[in-house]
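Engineer: From just these sequences and the hints, can you work out the full model?
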Amino acid sequence: MFAYLVRRVIGAVILLFIVTAVTFAIFFLVPKLGGATADDLASRYVGKSAGAAQIHETAVRLGFTDPLYEQYGRFVKGLFVGQEYNYGPATEHCPAPCFGYSFLTQQPVWPDLVARIPVTASLAGGAAFIWLITGVGTGIISALKRGSVLDRSLMSVALAGVSLPIFFTGLLSLSIFSYGLGWTAQGGTNPLDETNPVWWAYDLILPWVTLAFLYAASYARLTRAGMLETMNEDFVRTARAKGLTERTVVMKHGLRSALTPILTIFGLDLGLLMGGAILTETTFSLPGIGQYAVIALRVNDLPKVLGVTLVAAFFIVLANLIVDLLYAVVDPRVRIS
Amino acid sequence: MTIEEIDPTAVPGVEAPAIGEELLSVDGLVKHFPIRKGLLQRQTGAVQAVDGLTFNVTRGETLSLVGESGCGKTTTGRLLTRLLEPTAGKIVFEGRDISHLSEGKMRPLRRDVQMIFQDPYGSLNPRHTVGKIVGAPYRLQNVKTEHGVKRAVQELLELVGLSPEHYNRYPHEFSGGQRQRIGIARTLALRPKLIVADEPVSALDVSIQAQVVNLLEDLQNEFDLTYVMIAHDLSVVRHVSDRVAVMYLGKIVEIADRVGLYETPMHPYTVALLSAVPVPDTKRKGNVKRIRLEGDVPSPINPPPACRFHTRCWKAQDICKTVEPPLLQLAPGHQAACHFPENQAGEVSTTPAATNQAGN
Amino acid sequence: MTEPADNTVQGTVQRIERGEAFLDVRDLKVHFPTDDGVVKSVDGISFQLERGKTLGIVGESGSGKSVTSLSIMGLHKRGVAKISGQIFLDGQDLVSSTPEEVRLLRGKRMAMIFQDPLSAMHPFYTVGTQIVEAYRVHNKVSKQVARKHAIEMLDRVGIPQPDKRVDAYPHQFSGGMRQRAMIAMALSCDPDLLIADEPTTALDVTVQAQILDLIRDLQREFNSAVIIITHDLGVVAELADDIQVMYGGRAIEYGTAEDIFDNPQHPYTWGLLGSMPRIDRERTERLIPIKGTPPSLINVPKGCAFNPRCNYAHLNGGASETERPELLDIGAGHKVACHLSPKERQHAWETDIKPKL
Numbered sequence: 000m001f002a003y004l005v006r007r008v009i010g011a012v013i014l015l016f017i018v019t020a021v022t023f024a025i026f027f028l029v030p031k032l033g034g035a036t037a038d039d040l041a042s043r044y045v046g047k048s049a050g051a052a053q054i055h056e057t058a059v060r061l062g063f064t065d066p067l068y069e070q071y072g073r074f075v076k077g078l079f080v081g082q083e084y085n086y087g088p089a090t091e092h093c094p095a096p097c098f099g100y101s102f103l104t105q106q107p108v109w110p111d112l113v114a115r116i117p118v119t120a121s122l123a124g125g126a127a128f129i130w131l132i133t134g135v136g137t138g139i140i141s142a143l144k145r146g147s148v149l150d151r152s153l154m155s156v157a158l159a160g161v162s163l164p165i166f167f168t169g170l171l172s173l174s175i176f177s178y179g180l181g182w183t184a185q186g187g188t189n190p191l192d193e194t195n196p197v198w199w200a201y202d203l204i205l206p207w208v209t210l211a212f213l214y215a216a217s218y219a220r221l222t223r224a225g226m227l228e229t230m231n232e233d234f235v236r237t238a239r240a241k242g243l244t245e246r247t248v249v250m251k252h253g254l255r256s257a258l259t260p261i262l263t264i265f266g267l268d269l270g271l272l273m274g275g276a277i278l279t280e281t282t283f284s285l286p287g288i289g290q291y292a293v294i295a296l297r298v299n300d301l302p303k304v305l306g307v308t309l310v311a312a313f314f315i316v317l318a319n320l321i322v323d324l325l326y327a328v329v330d331p332r333v334r335i336s
Numbered sequence: 000m001t002i003e004e005i006d007p008t009a010v011p012g013v014e015a016p017a018i019g020e021e022l023l024s025v026d027g028l029v030k031h032f033p034i035r036k037g038l039l040q041r042q043t044g045a046v047q048a049v050d051g052l053t054f055n056v057t058r059g060e061t062l063s064l065v066g067e068s069g070c071g072k073t074t075t076g077r078l079l080t081r082l083l084e085p086t087a088g089k090i091v092f093e094g095r096d097i098s099h100l101s102e103g104k105m106r107p108l109r110r111d112v113q114m115i116f117q118d119p120y121g122s123l124n125p126r127h128t129v130g131k132i133v134g135a136p137y138r139l140q141n142v143k144t145e146h147g148v149k150r151a152v153q154e155l156l157e158l159v160g161l162s163p164e165h166y167n168r169y170p171h172e173f174s175g176g177q178r179q180r181i182g183i184a185r186t187l188a189l190r191p192k193l194i195v196a197d198e199p200v201s202a203l204d205v206s207i208q209a210q211v212v213n214l215l216e217d218l219q220n221e222f223d224l225t226y227v228m229i230a231h232d233l234s235v236v237r238h239v240s241d242r243v244a245v246m247y248l249g250k251i252v253e254i255a256d257r258v259g260l261y262e263t264p265m266h267p268y269t270v271a272l273l274s275a276v277p278v279p280d281t282k283r284k285g286n287v288k289r290i291r292l293e294g295d296v297p298s299p300i301n302p303p304p305a306c307r308f309h310t311r312c313w314k315a316q317d318i319c320k321t322v323e324p325p326l327l328q329l330a331p332g333h334q335a336a337c338h339f340p341e342n343q344a345g346e347v348s349t350t351p352a353a354t355n356q357a358g359n
Numbered sequence: 000m001t002e003p004a005d006n007t008v009q010g011t012v013q014r015i016e017r018g019e020a021f022l023d024v025r026d027l028k029v030h031f032p033t034d035d036g037v038v039k040s041v042d043g044i045s046f047q048l049e050r051g052k053t054l055g056i057v058g059e060s061g062s063g064k065s066v067t068s069l070s071i072m073g074l075h076k077r078g079v080a081k082i083s084g085q086i087f088l089d090g091q092d093l094v095s096s097t098p099e100e101v102r103l104l105r106g107k108r109m110a111m112i113f114q115d116p117l118s119a120m121h122p123f124y125t126v127g128t129q130i131v132e133a134y135r136v137h138n139k140v141s142k143q144v145a146r147k148h149a150i151e152m153l154d155r156v157g158i159p160q161p162d163k164r165v166d167a168y169p170h171q172f173s174g175g176m177r178q179r180a181m182i183a184m185a186l187s188c189d190p191d192l193l194i195a196d197e198p199t200t201a202l203d204v205t206v207q208a209q210i211l212d213l214i215r216d217l218q219r220e221f222n223s224a225v226i227i228i229t230h231d232l233g234v235v236a237e238l239a240d241d242i243q244v245m246y247g248g249r250a251i252e253y254g255t256a257e258d259i260f261d262n263p264q265h266p267y268t269w270g271l272l273g274s275m276p277r278i279d280r281e282r283t284e285r286l287i288p289i290k291g292t293p294p295s296l297i298n299v300p301k302g303c304a305f306n307p308r309c310n311y312a313h314l315n316g317g318a319s320e321t322e323r324p325e326l327l328d329i330g331a332g333h334k335v336a337c338h339l340s341p342k343e344r345q346h347a348w349e350t351d352i353k354p355k356l
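So the sequence lines, in the order shown, correspond to chains E, P and W. Position 184 of the first sequence, counting from 1, maps to 183 under numbering that gives the first Met the number 0, and the rest follow consecutively. Position 133 of the second sequence, counting from 1, maps to 132 under numbering that gives the first Met the number 0, and the rest follow consecutively. Position 167 of the third sequence, counting from 1, maps to 166 under numbering that gives the first Met the number 0, and the rest follow consecutively.
Simulated from the structure, these hints should not be mistaken for laboratory data. Predicted model only: the values in this text are computed from it and were never measured. Just so you know, not all the hints are guaranteed correct.
[To be verified] Covered, in the sense of this in silico footprint (three residues per stretch, anywhere, with C-beta under 8 Å from a C-beta of chain W), are these stretches of chain P:
#, stretch
1, 174–181
2, 197–206
3, 209–215
[Stated by the list, open to error] Here are the simulated DSS-like pairs of lysine-lysine, each with C-alpha atoms no more than 30 Å apart in a straight line:
#, chain 1, residue 1, chain 2, residue 2
4, W, K81, E, K144
5, P, K282, W, K342
6, E, K144, W, K142
7, E, K251, W, K81
8, E, K251, W, K52
9, W, K290, P, K149
10, W, K290, P, K131
11, W, K142, E, K251
12, W, K353, P, K282
13, W, K355, P, K282
14, P, K282, W, K52
15, P, K320, W, K163
16, P, K36, W, K163
17, W, K353, E, K251
18, W, K147, E, K251
Quick reminder that beta carbons are idealized off the backbone N, C-alpha and C, glycines included.
Structural biologist: If you want it as structure tokens, here you go:
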């Protein structure tokens, strides 16, 4: 078990390095392949009036003329010990972990990310809680009442949930519950500014529900399919033959097995969302990672985009790792062999 | 491979096969599946699925491999058809060493060596018609048939007791027994010399089992087929086999002709196996002394040393734990690997088959 | 022992009559309506079974043998299966009882073991947990007491080091040990009726022999009624006192084991006996199979369900194709459902069949 754990962690670290390398290559190599010179890149970091010589000087200072592997080495080193950026007017220090330095806002990326991760985490965590309970619950009920009117209507709603995009359901719910009825916050606030958890939830309830609706729908379908399968398993028949109540049979024997694959998907979904729920954050103007990425993309602020990508990759790899380890906890067959 | 033109009428029985001639010989066959563990995935052991088999198969005979789960009989079947590559040892088919032939070089030989599987459903592609399934070998081997593939397939279907009209149907439309017939038809398409049948009837109902057993026998007579039958049902094995090899944990513990094995089994394991077979005779109920083996078959990952059967054997002595008994010829055509064999010349038989026959 | 055990549910059960034997099945029908038609899995079977006795139900796949056992246990979904007839277990009709009443009997007074012990046990719970669960549903005891009981049961069914093995998971057991653990679980509440559905089909032959011995010993010890369902005539011969042969959802022959093996009277029974090679007899040149395939349960052949496969159907002047033969007593409780006259049957058995077996 311990060897398994160590092997998985090492694997995850290696994977992260590959991700950084590939991401780095995409952001710094691809423009060059497109014909952009080091000077073209540097021109974005100096004033509009700068002359060619000044631009070239900046490019050299920022290391754009160095070979790519040196730039990558500097970047990785920066992640651990920080980095100095000299872009002419001043030398900026970007302390470890240095995820890059935005020359547009003249700020290191990492503090921005640190400020935004909790917003995204609040959004993703709350939504996950809601969709797990409603989605799995709906799936169980649907499976047990298979073919009934209830099952069919629940599944129709679920189908709608899977099909409708966030910006549609989000804007619709905003217009009804916020602007129309005035029950919920109108978005655009930072829920973390609230000192009272009730207000925190008040700010987030609408994004939570909107986001959860999408996921709950697919979880309901997955749970239903999984339950239908496990309830036909021999061990469920054995559980009934023992004289257990139907409730115990369903919850203890059926659901336990049906939930195992859902656990995997849940981990990955949550990991993915932690890297930014772009549509939801944009629709509800929540200052999370996703919104940060969108803003950065709009102004072509590459270091920020790179930082977000790395954070997102980190969460996905982490989620993957946790899921694998949890699997061993849930399924004794994985644990022992 | 080169595309060969084959006249189907010339294929079956062109060279009149000499009965008694050696078709397949296996020498010291070993297959270990490595087990990897730990941080660096080092090989820490191996499943010793097959561990040193030596036997011959003569043309036209049926040799059965019997044994309990984990004895390596299925692995052996897959080695003989070269679906697996042996770890060590030699497989010689018609004088040619095929133990390590590459996939490409093996391909022409696949025509001569075919396999029938246990699960007649799992081995048929559900999205292909019967015609396509049975005709596949012709396409794969680029064999031209005189009146076209369809005609050849329909003849095959009739041969195995199906109707030519079944050509365009799908496997799910057939019962288990019929599916097994489809599998057999496919196997026969290229007129193989050797058929390795892995539990060909054990998934079938009793009444259907008999139909398929009879079919296999008829086909053997008609096409001079040689069978290697892998089975666990000792009654069926006795019915179909000329010779029987009993396997235990990757080794052959006894190999003999049918009569010898069933009437004077020499290895204690064979004796125990035969004694455990439930017999549909109420008179035997409760008043037959049975040899009951204790426990289960040990794991092939860590098989007991020396004689692998010593942990369950009622005759085991110290020597069985230290010296591995060689497979020795103890009677004409009868080999057993045991330090203290049963039923040796002069001894009175104690097996159910023999006692009952004595009473008949 | 013949006194019906006190049962709180029993008082509320509507009793029309109490049934004659400990288990008395009367005209049981289990039909499944499907889009393609009604699947008549069991179409009118009756039998009786006393404590301490073993009934073997023999048949091929689709003969209705497993469906019979599941309906006794009340394991069919109501609404999905249409069940009619009566099943008296110690005087209580299970068919007319509520699902909750039947549930309270399941595991306590009637228990079941299944074919494949690996898939029949939950992979995520230890063997001990699963036995403890079975015991505690019906017995108000602490977990410690139940665990002690589970270890005792594992010891009783011959599992070595039961105090350690109790905490192992099913996949850590060998096939034979798993089936022993299943039996320990089934017997944990000391049931009066044990149903074994192909209990040894998935096991190796030496292990099968051990399990059959175990079932026999435990039956003697607990004096329970046992139903063993199998396609293997050898297995029923080992265990059964009485045998019911099923075909197409109905019983076609019923008798003592001696009746069935020494003097079978139905052509299908002959067919089964002729189909199986016998290790205890001189080897025959050829097996005598039954022609054709088992019938679809949606479209059971008219008349005698076996008539398309029967070599003697033509002797009955068309009755085999039109009229369903009833299961009639031909003497001393040996029953057969066949249109052949006793004389023709005896003749066919003596001259055609018996010499070839």
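Engineer: Hint by hint, say whether it matches the structure.
Structural biologist: A quick look at each hint next to the structure:
Proximity of the stretch 174–181 of chain P to chain W, defined as three or more residues with a beta carbon under 8 Å from a beta carbon of that chain, is established by the 4 residues found. Note: the stretch 197–206 of chain P has 3 residues with beta-carbon separation from chain W under 8 Å; the three-residue rule is met and the coverage holds. Given as covered by chain W, the stretch 209–215 of chain P passes the check, having 4 residues with a CB less than 8 Å from a CB of that chain where 3 are the minimum. With a C-alpha separation of about 18 Å, the suggested pairing of W/K81 with E/K144 holds against the 30 Å cut-off.
The suggested pairing of P/K282 with W/K342 holds, with an alpha-carbon distance near 26 Å, which does not exceed 30 Å. Distance hint between E/K144 and W/K142 is unfulfilled; the C-alpha atoms sit about 34 Å from each other, more than 30 Å. About 28 Å separates the Cα atoms of E/K251 and W/K81, which keeps this hinted pair within 30 Å; it holds. Annotation: proposed proximity of E/K251 to W/K52 is violated, straight-line Cα distance about 35 Å (limit 30 Å).
For the given pair, W/K290 sits about 27 Å from P/K149 by alpha-carbon distance, which is consistent with the 30 Å threshold. Restraint check for W/K290 and P/K131: satisfied, since their Cα atoms lie roughly 27 Å apart, inside the 30 Å limit. Between W/K142 and E/K251 the alpha-carbon distance is near 17 Å, which keeps this suggested pair within the 30 Å criterion. A C-alpha spacing of about 16 Å is found between W/K353 and P/K282, which places the hinted pair at or below 30 Å, so the restraint holds.
About 19 Å separates the Cα atoms of W/K355 and P/K282, which keeps this hinted pair within 30 Å; it holds. With a C-alpha separation of about 17 Å, the suggested pairing of P/K282 with W/K52 holds against the 30 Å cut-off. Between P/K320 and W/K163 the alpha-carbon distance is near 27 Å, which keeps this suggested pair within the 30 Å criterion. Taken as a hint, the P/K36 and W/K163 pair is honoured in the structure, with Cα atoms around 25 Å apart against an allowance of 30 Å.
Using a Cα cut-off of 30 Å, the hinted pair W/K353 and E/K251 is violated, with the two alpha carbons roughly 54 Å apart. Under the criterion of a C-alpha separation no larger than 30 Å, the hint pairing W/K147 with E/K251 is consistent with the structure, at around 22 Å.
Consistency note: the structure conflicts with the earlier hints numbered 6, 8 and 17.
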